[in-house]
Amino acid sequence: MQKLTAIVLISILSLSGCVFPGVYKINVQQGNIVTEDDLKSLSQGMARSQVHAVLGSPLMLNPVDPSREYYVYTFQRRGGDIQEQRIIVYYEGDEFSHYDARLLEETPAY
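Note that UniProt numbering numbers the sequence shown so that position 67 is 67, with each residue one more than the last.
One thing to keep in mind: the hints can contain errors.
As the list claims (entries may be wrong) - Quick list of the computed label-pair ranges, beta carbon to beta carbon:
1) R77 x L9: 33 to 39 Å
2) R48 x Q83: 15 to 21 Å
3) I82 x V23: 28 to 34 Å
4) I82 x Q44: 30 to 36 Å
5) I10 x A101: 30 to 36 Å
6) L4 x M60: 32 to 38 Å
7) E84 x L42: 17 to 23 Å
8) K40 x Q83: 30 to 36 Å
9) V23 x A101: 56 to 62 Å
10) Y90 x Y24: 38 to 44 Å
11) Q29 x D94: 27 to 33 Å
12) D81 x A47: 35 to 41 Å
13) Q50 x L103: 27 to 33 Å
14) A47 x R78: 52 to 58 Å
Think of the hints as simulated: they come from the structure by calculation, not from any bench.
Ideal Cβ positions, reconstructed from N, Cα and C, are used throughout, including at glycine.
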């Protein structure tokens, strides 16, 4: 009986540590940090390698349609809601054509 009580007590204490209100939560950011200035520096007809030099490597490539590349950035401040920024870069052949962007109002990079 004492062993069972000890096991239950240890289980309760270990689980209660998961919801302790003083636990520090970190900011989490993932993906490509792309600013509006970066997008403004793109011009129609740029080679794919030049676009990658400006924006970095895309987060996702479409294996079916190589004319699109996806740049995604997500940010979560201390366990709160996840904010997301999406940019789709379009190519004609191997040259930059245009982009569609839904940017965050601010990019809290750090």
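Does 27 to 33 Å hold as the CB distance between Q50 and L103, or does it fail? About 21 Å separates the Cβ atoms of Q50 and L103, which means 27 to 33 Å is violated.
Starting from the hint 15 to 21 Å, judge whether the C-beta atoms of R48 and Q83 obey it. Violated, at about 28 Å.
V23 versus A101 beta-carbon gap, inside 56 to 62 Å or not: At roughly 36 Å between Cβ atoms, A101 and V23 fall outside 56 to 62 Å, so the hint is violated.
Quick check: does the Cβ-Cβ distance between Y90 and Y24 fall within 38 to 44 Å? 42 Å, holds
Regarding R77 and L9, is the given constraint of 33 to 39 Å on their beta-carbon distance met? At 36 Å between Cβs, range holds.
Distance restraint evaluation - K40, Q83, Cβ atoms, bounds 30 to 36 Å: 22 Å, violated
Taking 35 to 41 Å as the hint, is the beta-carbon distance of D81 and A47 inside that range? Holds, at about 38 Å.
Take a look at whether the Cβ-Cβ distance between I10 and A101 falls inside 30 to 36 Å. With Cβ atoms ~52 Å apart, the hint is violated.
Look at the Cβ atoms of I82 and V23 and judge whether their distance stays inside 28 to 34 Å. 19 Å, violated
Given the range 17 to 23 Å, decide if the beta-carbon distance of E84 to L42 lies inside it. 21 Å, holds
Assuming the hint says 30 to 36 Å, is it satisfied by the Cβ distance from I82 to Q44 or not? 33 Å, holds
Do the beta carbons of Q29 and D94 sit within 27 to 33 Å of each other? Because 31 Å falls inside the window, the suggested range holds.
Of the numbered hints given earlier, the model fails hints 2, 3, 5, 6, 8, 9, 13 and 14; all others are met.
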